[in-house]
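Asker: Chain by chain, the residues:
2 protein chains.
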Amino acid sequence: MSYCLSIKLDAGIVFASDSRTSAGVDNISSYSKMHTFVTTNDRIFILLGVGNLGTTQAVVNLLQRDLEQTNGSLNLNNINYMFDAAHYIGELSCRVQNMRCDVMAQSGANMEASFILGGQIAGHPHETYHIYPEGNYITSSPIHPFLQIGETKYGKPILDRIIKPDTNVNDAARCALVSLDSTMRSNLSVGPPLELAIVKKDTFKLERHIVCEVDSPFFVEVQNRWREGLVNAFNELPRFDWEE
Amino acid sequence: MSYCLSIKLDAGIVFASDSRTSAGVDNISSYSKMHTFVTTNDRIFILLGVGNLGTTQAVVNLLQRDLEQTNGSLNLNNINYMFDAAHYIGELSCRVQNMRCDVMAQSGANMEASFILGGQIAGHPHETYHIYPEGNYITSSPIHPFLQIGETKYGKPILDRIIKPDTNVNDAARCALVSLDSTMRSNLSVGPPLELAIVKKDTFKLERHIVCEVDSPFFVEVQNRWREGLVNAFNELPRFDWEE
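Chains A and B, in that order, are what the protein sequence lines are.
All letters in the first sequence, in the order written, are residues 2 to 245 by my numbering.
All letters in the second sequence, in the order written, are residues 2 to 245 by my numbering.
To be clear, the hints were calculated from the coordinates, so they are not data collected in a lab.
No residue lacks a Cβ here, since even glycine has one placed at the ideal position from N, Cα and C.
Do not rely on the hints blindly, as some may be mistaken.
Said to hold, decoys possible - In silico DMTMM-like cross-links for lysine to aspartate or glutamate, where the CA-CA straight-line distance does not exceed 25 Å:
1. Lys201/B <-> Asp242/A
2. Lys165/B <-> Glu245/A
3. Lys202/A <-> Glu245/B
4. Lys165/A <-> Glu222/B
5. Lys165/B <-> Asp242/A
6. Lys206/A <-> Glu196/A
7. Lys201/B <-> Glu244/A
8. Lys206/B <-> Asp43/B
9. Lys206/B <-> Asp242/A
10. Lys206/B <-> Glu244/A
11. Lys165/B <-> Glu229/A
12. Lys201/A <-> Glu237/B
13. Lys202/B <-> Glu244/A
14. Lys165/A <-> Glu229/B
15. Lys201/A <-> Asp161/A
16. Lys201/A <-> Glu245/B
17. Lys165/A <-> Glu245/B
18. Lys206/A <-> Glu244/B
19. Lys201/B <-> Glu245/A
20. Lys202/A <-> Glu244/B
21. Lys165/A <-> Asp242/B
What the hints assert, rightly or not - For each label pair, taking beta carbons as the anchor points, the in silico distance ranges come out as:
22. Phe219/A <-> Gln65/B: 53 to 63 Å
23. Gln65/B <-> Tyr32/A: 51 to 61 Å
24. Glu92/B <-> Gln107/A: 35 to 45 Å
25. Asp203/A <-> Ala106/B: 53 to 63 Å
26. Asn99/A <-> Ala106/B: 30 to 40 Å
27. Thr41/B <-> Glu113/A: 48 to 58 Å
Stated by the list, open to error - Some chain A residues well away from chain B (every beta-carbon gap over 12 Å; in silico):
28. Ser33
29. Glu214
30. Asp216
When you get a sec, could you build the whole thing from the sequences and use the hints?
Answerer: Here it is, written out as structure tokens:
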């Protein structure tokens, strides 16, 4: 497992991902799960992927190769709508998963991958999509501004309580970091470094991108203050009527 | 799904459960998932059950019926160890699940149930057990004092941060309430009323038992203060270096 999320706000989009990959507990490694495509100045795409690492890497490779084709075939530079991009990535994912399906079925390996695609194409609003292993996809909504893939449950309560469409991008990025931190503490399959990216609407560029190592002073400070804040909040809870 | 947990502390045991049952989204109901057995003054057992409601109810019925037998057969009154009680309940659960396994296999229905058993028998320490659908069981440990069944992930981070073996029973009960509240907000399959029970060690009686309806003033106050406390904790987090 892994954990990635996007938060679509009025002001832009926040992306966050962990970096742990595992093929069993004796084969743990770190790979970035955040892939940025900023090739022309009228569009930006950020892709987060979890699941089979072979599938997610192959999809990214195919997206890159398609960008280098000069025969006018579909790629991220000539695509017209964000939902078309989601559809295109879903198709690539299914194509990769089906490539060796006979061998895979024999081995019992799971080739599935899930993606979050976010970004903007000039003339259209900024959007985020959750692309399922089956290639279909959904977008976010004002009452559900965030999308999650992978180990989604541990870090959902804090998002449910904090995130609104008018939350500013920096607060949303902080909330994503807390959501990832809570998940990482409760589940070994999610691990550092954590990546955060911010894209402001109508800018078509990566506003911010940071990589938080587990011992980075900023991340340690976030963890310490959050722990202290939670303990303080807990200590302020009302007493039962049988307590003095 | 549902969500129940136990917290084994130096001073005693806290139990908590939601009450939602569902056989599909069009068949939602409320049943207590907490069953107390205090029949003699040298022992107490509390059983929490999630999964197939037919299975959990049948297991409770069989436990009660066995208590009424006068032929000296095994029951909760004559059992000598908590782990024997866990084994006995695991056996009853497997027996119930297997009763109609041929019909169930045809219908595709899932008869599985998971249980938490906690309590104490005089002369032995207080203990908690997680009994799996397969009938096997594990107990808690000082570095993992809580056991969870059902929808366990949403409410785990707060337990991970607050619960230690020397936490007092009232704080642990408050933490269980917050853990249930967080789960209930993020997952429709967990719902009110919430039940809390406290058993202090070496007392062999139910010290406290409360049922929190969703609109009970105490529970509303816990929810409000926790939300405020979380927002305050969030607002105290450090700023990114690019923020003023």
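Asker: Look at each hint and say if it fits the structure.
Answerer: Consistency of the hints with the structure:
1. Lys201/B <-> Asp242/A: holds (17 Å)
2. Lys165/B <-> Glu245/A: Given that 25 Å is the threshold and the Cα spacing comes to 22 Å, the pair holds.
3. Lys202/A <-> Glu245/B: Distance of about 20 Å is within 25 Å: holds.
4. Lys165/A <-> Glu222/B: holds (23 Å)
5. Lys165/B <-> Asp242/A: Answer holds: Lys165/B to Asp242/A is near 23 Å, not above 25 Å.
6. Lys206/A <-> Glu196/A: holds (17 Å)
7. Lys201/B <-> Glu244/A: holds (15 Å)
8. Lys206/B <-> Asp43/B: holds (9 Å)
9. Lys206/B <-> Asp242/A: With Cα atoms ~19 Å apart, Lys206/B and Asp242/A stay inside 25 Å; holds.
10. Lys206/B <-> Glu244/A: holds (18 Å)
11. Lys165/B <-> Glu229/A: holds (16 Å)
12. Lys201/A <-> Glu237/B: OK: Lys201/A and Glu237/B at ~24 Å, within 25 Å.
13. Lys202/B <-> Glu244/A: The given pair, whose Cα atoms are some 18 Å apart, holds under the 25 Å limit.
14. Lys165/A <-> Glu229/B: The hint holds at about 16 Å.
15. Lys201/A <-> Asp161/A: With a Cα-Cα distance of about 22 Å, the restraint between Lys201/A and Asp161/A holds, given a limit of 25 Å.
16. Lys201/A <-> Glu245/B: Holds. Lys201/A to Glu245/B sits at ~17 Å (cutoff 25 Å).
17. Lys165/A <-> Glu245/B: Holds, because 22 Å separates the two Cα atoms, which is no more than 25 Å.
18. Lys206/A <-> Glu244/B: Holds, at about 18 Å.
19. Lys201/B <-> Glu245/A: holds (17 Å)
20. Lys202/A <-> Glu244/B: The given pair, whose Cα atoms are some 18 Å apart, holds under the 25 Å limit.
21. Lys165/A <-> Asp242/B: holds (23 Å)
22. Phe219/A <-> Gln65/B: 53 to 63 Å: holds (58 Å)
23. Gln65/B <-> Tyr32/A: 51 to 61 Å: holds (55 Å)
24. Glu92/B <-> Gln107/A: 35 to 45 Å: holds (38 Å)
25. Asp203/A <-> Ala106/B: 53 to 63 Å: holds (57 Å)
26. Asn99/A <-> Ala106/B: 30 to 40 Å: Hint holds: Cβ distance 31 Å, inside 30 to 40 Å.
27. Thr41/B <-> Glu113/A: 48 to 58 Å: holds (54 Å)
28. Ser33: Fine: 20 Å to the nearest Cβ keeps Ser33/A off the interface.
29. Glu214: Per Cβ check, Glu214/A is outside 12 Å of chain B; nearest 15 Å; holds.
30. Asp216: Fine: 15 Å to the nearest Cβ keeps Asp216/A off the interface.
Violated hints for the displayed structure: none, as all numbered hints are satisfied.
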